[in-house]
Amino acid sequence: MSKTSSLSGRKRNERVAAYIFTVPAMFLLFAFLVVPILYTVYYSLFQYQIVRPDNITFIGFKNYLKLFTDDDFWLALRNTVYFTVFVVPFQCILALALAMLVSSKFRGVAIFRTMYFSPQLTSMVVISILWTVLYNSNPNTGLINSLLTSLGMEPINFLTNSKTAMNSIIFMSGWQGAGYQMMIFLAGLQGIPRDQYEAASVDGASKVQQFLYITLPGLKGTIKYVVMITMIQAMKLFTQPYVMTQGGPKNSTKTLVYYIYTQGFQQGNFGYACAVAAVFFVIVVIMSLSMKKLIAETN
Amino acid sequence: MTKSMKMENFLTKLLFYAGNIIIGIIFVSPLIWMISASLKPEAQIFANMNSISTFIPVQASLNNFKEVFSRLDMLQVFKNTFVYIALILVLDLLLNSICGYALAKFDFKGKGMMLNFIVALMVMPMEAIMLPLYIEMSQLGWVNTLAALVIPFVAKCFSIYMFRQFFCDIPDELLEAAALDGASPVRTFFTVVMPISKTVYATVFILDFVAHWNDFMWPFLVMTGEGKRTIQLAIQVFFGTQPIHYSAIMAALVVSAIPMLIMFIFMQKYYIEGIASSGIKG
Chain A
5 MSKTSSLSGR
15 KRNERVAAYI
25 FTVPAMFLLF
35 AFLVVPILYT
45 VYYSLFQYQI
55 VRPDNITFIG
65 FKNYLKLFTD
75 DDFWLALRNT
85 VYFTVFVVPF
95 QCILALALAM
105 LVSSKFRGVA
115 IFRTMYFSPQ
125 LTSMVVISIL
135 WTVLYNSNPN
145 TGLINSLLTS
155 LGMEPINFLT
165 NSKTAMNSII
175 FMSGWQGAGY
185 QMMIFLAGLQ
195 GIPRDQYEAA
205 SVDGASKVQQ
215 FLYITLPGLK
225 GTIKYVVMIT
235 MIQAMKLFTQ
245 PYVMTQGGPK
255 NSTKTLVYYI
265 YTQGFQQGNF
275 GYACAVAAVF
285 FVIVVIMSLS
295 MKKLIAETN
Chain B
83 MTKSMKMENF
93 LTKLLFYAGN
103 IIIGIIFVSP
113 LIWMISASLK
123 PEAQIFANMN
133 SISTFIPVQA
143 SLNNFKEVFS
153 RLDMLQVFKN
163 TFVYIALILV
173 LDLLLNSICG
183 YALAKFDFKG
193 KGMMLNFIVA
203 LMVMPMEAIM
213 LPLYIEMSQL
223 GWVNTLAALV
233 IPFVAKCFSI
243 YMFRQFFCDI
253 PDELLEAAAL
263 DGASPVRTFF
273 TVVMPISKTV
283 YATVFILDFV
293 AHWNDFMWPF
303 LVMTGEGKRT
313 IQLAIQVFFG
323 TQPIHYSAIM
333 AALVVSAIPM
343 LIMFIFMQKY
353 YIEGIASSGI
363 KG
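Quick mapping for you: the protein sequence lines, in order, are chains A and B.
If you count by my numbering, then the first sequence holds residues 5 to 303, one letter each, in order.
If you count by my numbering, then the second sequence holds residues 83 to 364, one letter each, in order.
Incorrect hints may appear among the rest.
Residues from chain A shown here face chain B by an in silico Cβ test under 7 Å; the list is partial [said to hold, decoys possible]:
| id | residue |
| --- | --- |
| 1 | 13 |
| 2 | 32 |
| 3 | 50 |
| 4 | 164 |
| 5 | 240 |
| 6 | 285 |
In short, the hints are calculated from the structure, not lab data.
Predicted, not measured: the structure shown is a model, and the values here were computed from it.
The beta carbon of each residue, even a glycine, is placed where N, CA and C say it ideally should be.
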């Protein structure tokens, strides 16, 4: 009798404790994550200029309709998709290649791992400033162009030509980020049983065959996960163009987040910027949901 | 093993090392150049661009660092950054861990819903909500105060999730034993669970430290006052401030990387584990 009552007492204690433990975090998530999400949608239905907060008019879906004819929005969307479509394979393949280079145990492996990871030890702002200097179009001041000219090539206007600016950002971002994904791949590689390789090697399979028929299938889940996080990261591109090109030249590096920032904070078109943010949010959610589904299918 | 096989093995090894060394050098050369330039006089930085000596700090001195510290109130900047990150981390580790623990070990109404809610919000990009969040900050009168940097980012779905995953693996027998000794669930957490969970605290700590140390966008929106800048903002502004001395800019970049480097040296194991485990759990 006393045992059951103490048991139910414990259950009650536990319930009370559960609320004490979860309410603070849940309250904060609600106030600073859920409320802003709802407000993004809410404001997107209004004409709302930040300089005139008293003058806020409901206009229904007009902000969304305006998106269809807004060339700057489509350009920003196109630039963001372009960046994502190229940086994701570049960065993921680079990361996988690096992981393969340092997956086996050999003398000095820790040094090479640290080398590949080292760009991660600096921030995106630091990397962007550094590479703006490295990418300088003058071969006398830009390290990369000085290398190109000493190899007998023409210097490239990396960041000042609208055809190359985004590609230059892609290359730099891949270099900066690959070390992170390499670490995830290394963990994934540990999950592949060694004896599979031994058996294949006894059967006379070449290293390339081993990679194609053992490593790649073994990494399926990891690859999908890495692609997903790289994709979401890529869609949020802002710091690099903000620091390196201010969205130029000729708006070739203006991204969706950049557009949300300029519309909302610089031009004060708050309602309209919220509509862009809502579209951005929906794209990211659809992307991650479909990737999650893909990942669930492999596991 | 035949002679030719030995030879082949040797060649593969050689290729492997050569590949690693070449790619490794290409990988770190921008950073080496940055460090070397930070130590050189301005006139020397671009003097020998097409020779290897551009990577070697000739006439090395710490003058550039002096310039950074005199033109940029680095101590204030570091203070701003460390205070805000310390406050976030203390609250982050406390509130998210207890929430994760409740979701792992307690039975209560609404638990499943909370869990779904956290997993769903995990992918929420801050950039999509920054406009109303900014309005919220300004309505609360928090713009340009520590509160705007700290309070909205204390609760983190990802941290809660990491804590929950870890606490799920703690055997129930251990908790029952503590309960039989008369400890309340809250007490059990602080006296029994917390002390044996150092690894997950260390992992969340380092992951969130790095994220906030590197954060640019949010401080850039809410901390516009000159004396309130965090490290990333300060160096971004310094990059565009006349006179533009590339030597001093490189020194500022190096200074901003030092705390990260120290953190990495001491917490490497947890940092790498944190990155890797996120991939395994998916």
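Checked hints:
Annotation: interface hint on residue 13 of chain A violated; nearest CB of chain B at approximately 10 Å, more than 7 Å. Given the 7 Å rule on beta carbons, the hint for residue 32 of chain A holds: about 4 Å separates it from the nearest Cβ of chain B. For residue 50 of chain A, the shortest C-beta to C-beta distance to chain B is roughly 12 Å, which exceeds 7 Å, and the interface hint is violated. For residue 164 of chain A, the shortest C-beta to C-beta distance to chain B is roughly 17 Å, which exceeds 7 Å, and the interface hint is violated.
A distance limit of 7 Å between C-beta atoms decides the matter here; for residue 240 of chain A the minimum to chain B is near 5 Å, and the interface restraint holds. Of the supplied interface hints, the one on residue 285 of chain A holds, with its beta-carbon coming within about 4 Å of a beta-carbon of chain B, less than 7 Å.
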